[in-house]
Amino acid sequence: AQKVTQAQTEISVVEKEDVTLDCVYETRDTTYYLFWYKQPPSGELVFLIRRNSFDEQNEISGRYSWNFQKSTSSFNFTITASQVVDSAVYFCALTETGANNLFFGTGTRLTVIP
Amino acid sequence: DTGVSQNPRHKITKRGQNVTFRCDPISEHNRLYWYRQTLGQGPEFLTYFQNEAQLEKSRLLSDRFSAERPKGSFSTLEIQRTEQGDSAMYLCASSQSEQGSNEQFFGPGTRLTVL
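So the sequences go chain by chain: A and B. Sequential numbering from 10 applies to the first sequence in our numbering. Sequential numbering from 62 applies to the second sequence in our numbering.
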């Protein structure tokens with residue numbers, strides 16, 4: 010059975026602070042894919058990143074970075090120098106080999122205070 | 062704009078009425094998904110199409126729910142005899158290629174309120 014846990018329900022930071030959003034997953038598959046999506050107040054889910062289970066290399070995209078560690082089944086997301094526009098709900102998601110759907114965590118609501 | 066579009070954006074209905082939502086995916090995407098999202102939760106998978114074929118349905122999709130994608134382009138999701146528990150955001154997503162692992166692109170959703 011698959012499971013995605015985002016233990017942080019809500020986080021508030023002051024603008025320009027760094028913030029890390031945690032994601033822990035469970036799967037019996039050896040091949041799987043992990044995703045992060047952003048859901049701003051407008052409601053539309055915005056794709057941020059996809060990672061396959063064989064690629065543990067960390068990735069950086071501008072102010073965003075992702076730390077994938079299979080040993081701890083975690084796929085954490087860090088925003089550096091946060092901005093007010095980063096305020097949103099962030100979802101971590103998992104899909105297993107042969108599956109046709111994304112399995113989402115419950116999300117973390119990030120509020121960046123100016 | 063060539064993103065996923067959904068109509069209507071909001072729907073308020075009385076319990077027992079039927080409602081239908083429409084989703085227009087990104088034109089070159091052959092896969093189309095429906096999800097439901099309730100307050101404070103992540104999206105939950107309902108069903109998916111590959112071209113016009115509905116290939117998977119979640120246990121969440123009760124008999125009152127039906128989805129179609131008649132020509133492999135747009136899709137409709139109908140809920141018959143709505144119940145208050147059907148109140149949620151209904152999200153549509155699409156993706157390209159044969160791999161379920163490809164990223165899905167989501168529309169803005171239809172927010173349903175059942176009174």
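Worth flagging that the hints you see were computed from the coordinates, not collected in a lab. Don't be surprised by glycine CBs; every beta carbon is placed ideally from N, CA and C. Some hints here could point you the wrong way.
Claimed, not checked - Interface residues of chain A toward chain B, partial, derived using beta-carbon atoms under 10 Å:
{"id": "1", "residue": "W75"}
{"id": "2", "residue": "F112"}
{"id": "3", "residue": "G116"}
{"id": "4", "residue": "V121"}
What the hints assert, rightly or not - DSBU-like, lysine-lysine: derived pairs with alpha carbons at most 35 Å apart:
{"id": "5", "chain 1": "B", "residue 1": "K118", "chain 2": "A", "residue 2": "K47"}
{"id": "6", "chain 1": "A", "residue 1": "K47", "chain 2": "A", "residue 2": "K79"}
{"id": "7", "chain 1": "A", "residue 1": "K79", "chain 2": "B", "residue 2": "K118"}
{"id": "8", "chain 1": "A", "residue 1": "K79", "chain 2": "A", "residue 2": "K12"}
A quick look at each hint next to the structure:
no., hint, in the structure
1, W75, "violated (14 Å)"
2, F112, "holds (7 Å)"
3, G116, "holds (5 Å)"
4, V121, "violated (20 Å)"
5, K118(B) x K47(A), "holds (25 Å)"
6, K47(A) x K79(A), "holds (23 Å)"
7, K79(A) x K118(B), "holds (30 Å)"
8, K79(A) x K12(A), "holds (15 Å)"
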